[in-house]
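This is what each chain is made of:
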Amino acid sequence: MSGQPSAGVLFNPALIDFVSAADHGLDHLAAIPDRCWLDHGIGATTRFEPLLAPTRLLEQAAQRLPVVLHGIGLSICSAEVFDVEYLELLAAWRERLGCAWVSEHLSFTRIGGAHETNAAMALASPCDEEMIELLVPRLQRARQILGVPLLLENAVYYTLWCDEEMSETVFLNRLTSESGCGLLLDLHNLYTNAHNHGFDACDWIDALDTSAVREVHVAGGDLMHGMHTDSHAGPVYEGVWPLLEHLLPRAPNLQAVTFEFHEASWPMLHESGVRAQIARMRDCIAAAHAPA
Amino acid sequence: MPLPDFQKAFAALVLDAGWAQRVREEGEAALASWGLSDREARRLVQATRQPGMSLNCTLARTNRFAPIAETWPMCCVVIEPRLREVLDELWAERPPDGYQLNADVERFAQRLQTDAALREQFPYLDDIYRYEAASNALAYETRRRSAEDMQADYIEIELQHDPAELLAPLLRHQAPPAELPRRPHRVRIALVDAAIESRWEPLRPPP
Chain A
1 MSGQPSAGVL FNPALIDFVS AADHGLDHLA AIPDRCWLDH GIGATTRFEP
51 LLAPTRLLEQ AAQRLPVVLH GIGLSICSAE VFDVEYLELL AAWRERLGCA
101 WVSEHLSFTR IGGAHETNAA MALASPCDEE MIELLVPRLQ RARQILGVPL
151 LLENAVYYTL WCDEEMSETV FLNRLTSESG CGLLLDLHNL YTNAHNHGFD
201 ACDWIDALDT SAVREVHVAG GDLMHGMHTD SHAGPVYEGV WPLLEHLLPR
251 APNLQAVTFE FHEASWPMLH ESGVRAQIAR MRDCIAAAHA PA
Chain B
293 MPLPDFQKAF AALVLDAGWA QRVREEGEAA LASWGLSDRE ARRLVQATRQ
343 PGMSLNCTLA RTNRFAPIAE TWPMCCVVIE PRLREVLDEL WAERPPDGYQ
393 LNADVERFAQ RLQTDAALRE QFPYLDDIYR YEAASNALAY ETRRRSAEDM
443 QADYIEIELQ HDPAELLAPL LRHQAPPAEL PRRPHRVRIA LVDAAIESRW
493 EPLRPPP
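Residue numbers (our numbering), protein chains in the order written: chain A, 1 to 292; chain B, 293 to 499.
It is worth saying that the hints were derived from the structure and are not from the lab.
A virtual CB, placed ideally from N, CA and C, is assigned to each residue, including glycine.
Please note that the accuracy of each hint is not assured.
If you want the footprint, here are the derived chain B segments under chain A, 3+ residues with CB under 8 Å [said to hold, decoys possible]: (1) 335-345; (2) 436-443.
Looking from chain A toward chain B, a few residues come up when the C-beta cut is under 7 Å (computed) [said to hold, decoys possible]: (3) Phe108; (4) Ile111; (5) Ala119; (6) Asp163; (7) Ser167; (8) His225.
Whenever a hint applies, use it, and build me the whole structure from the sequences.
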């Protein structure tokens with residue numbers, strides 16, 4: 001992956017035939033490695049139980065295309081959980097598939113203590129100095145374990161925190177500069193937050209240090225309870241494309257644009273729908289890189 | 293430890309819409325036992341008073357339900373009139389204990405297996421539980437063995453109702469016809485080309 005950003009898709013089992021076809025039109029795959037194991041929890045006799053069928057699918061896909069990893073289980077913002085065992089497993093998978101980077105969500109789901117529990121959804125923490133102090137040493141250690149760049153994905157949040165000590169963009173700029181991590185800028189998360197909380201997403205991008213952005217996610221969503229949700233349903237939400245067009249000329253280190261969809265959406269998309277998203281991503285990329 | 297307690301309290305609010313409503317109505321006093329700073333308590337109360345809090349609660353429930361519906365889809369249809377109540381009771385007992393939510397699925401299965409009142413109210417539950425448990429056992433086996441290695445594997449079970457009338461609507465996520473007569477069948481369940489396939493024959497010829 002060099003020169004112009006590559007165009008790819010977040011791998012799911014519905015895509016196996018598509019990825020196996022000669023004319024899929026993809027440059028890369030992002031993959032959730034957590035689909036390849038059962039995590040029985042910290043302290044379990046056998047913590048990670050490998051799952052043969054999804055592992056084979058992913059390995060089959062990785063023979064055809066470069067893969068980057070997109071973890072969902074680290075919960076890096078959890079106050080009481082910093083999971084080195086999990087990071088070591090990600091590092092092993094990174095090496096096994098030859099991934100150029102690993103990304104994770106800037107949020108928490110895991111609640112520590114004597115018996116770990118879970119929030120059942122990714123939750124954002126307030127943008128405070130306390131969180132920067134918690135995260136920076138963790139992220140430095142995580143980078144060391146992974147041995148490749150670690151990208152942090154901006155969170156989606158349906159409620160706002162009052163009295164935050166800094167804006168989200170200042171928080172992200174501080175985190176990336178102090179930890180050495182890059183950003184996975186999820187433009188659908190940004191669209192969702194901007195729509196639900198009434199701010200201008202392009203202004204948000206302008207306030208971000210976009211030189212830290214290495215990968216972008218684009219996706220679809222739904223309206224629920226009068227709010228836009230990050231459901232990954234169907235094609236890329238129309239309002240996300242202008243954000244990609246706005247970002248592309250401002251992100252000099254961007255290497256990949258990845259389309260995410262939930263496999264339950266496959267009947268809405270089929271191969272033609274996925275191809276259409278990839279084609280539109282390529283059009284955006286080409287337009288941004290066209291000579292002036 | 294304010295930050296751990298703050299995160300714990302926020303997760304608890306997301307997982308319990310009833311408690312979120314109480315905090316919305318009663319304010320900081322409802323959080324008094326959590327050992328939070330004034331700012332943390334104020335933040336949580338303000339969060340519960342935003343429309344997004346109700347969405348958080350809905351999404352957490354959806355996420356908890358997804359692996360249950362994926363593993364026991366037919367049982368969910370069979371007990372649909374009481375499904376919400378069963379889930380509420382299970383989830384009120386304790387929060388999920390892993391990000392893959394596997395323990396929730398196991399606890400749901402245990403409830404289906406052991407709740408005599410549920411089995412009495414839904415006469416097909418016994419059959420469908422047995423059918424899905426056997427299908428899941430074969431699917432779980434693919435964790436360790438390839439589908440090709442399992443071509444000769446099968447599980448035989450007995451159902452008390454005609455599988456043709458029972459399973460066909462459930463495969464379309466529809467409830468089977470009420471009051472099917474008892475007509476025992478032997479069902480052989482196998483994994484063919486990575487998909488569950490069932491064949492059956494009556495244990496006794498119909499009268």
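Holds or violated: Ala119 of chain A as interface residue toward chain B, Cβ cutoff 7 Å?
-> Interface hint status for Ala119 of chain A: holds (4 Å vs cutoff 7 Å).
May I ask you to test the interface hint for Phe108 of chain A with respect to chain B, counting a Cβ-Cβ separation under 7 Å as satisfied?
-> Holds. Min distance 6 Å.
Restraint check, 7 Å cut-off on beta carbons, for Asp163 of chain A near chain B | 6 Å, holds
Closest C-beta approach of Ile111 of chain A to chain B relative to 7 Å, hint status = 5 Å, holds
Regarding the hint that His225 of chain A lies at the interface with chain B, is the smallest CB-CB distance below 7 Å?
-> 5 Å, holds
With a cut-off of 8 Å between beta carbons, are at least three residues of the segment 436-443 of chain B near chain A?
-> With 4 residues closer than 8 Å to chain A, the segment 436-443 of chain B meets the three-residue bar; holds.
Are there at least three residues in the segment 335-345 of chain B whose beta carbon sits under 8 Å from a beta carbon of chain A?
-> Holds, because 7 residues of the segment 335-345 of chain B bring their Cβ atoms closer than 8 Å to Cβ atoms of chain A.
Status of the Ser167 of chain A interface restraint (C-beta, 7 Å, chain B) | 16 Å, violated
Checked against the numbered hints above, the structure breaks only hint 7 and satisfies the rest.
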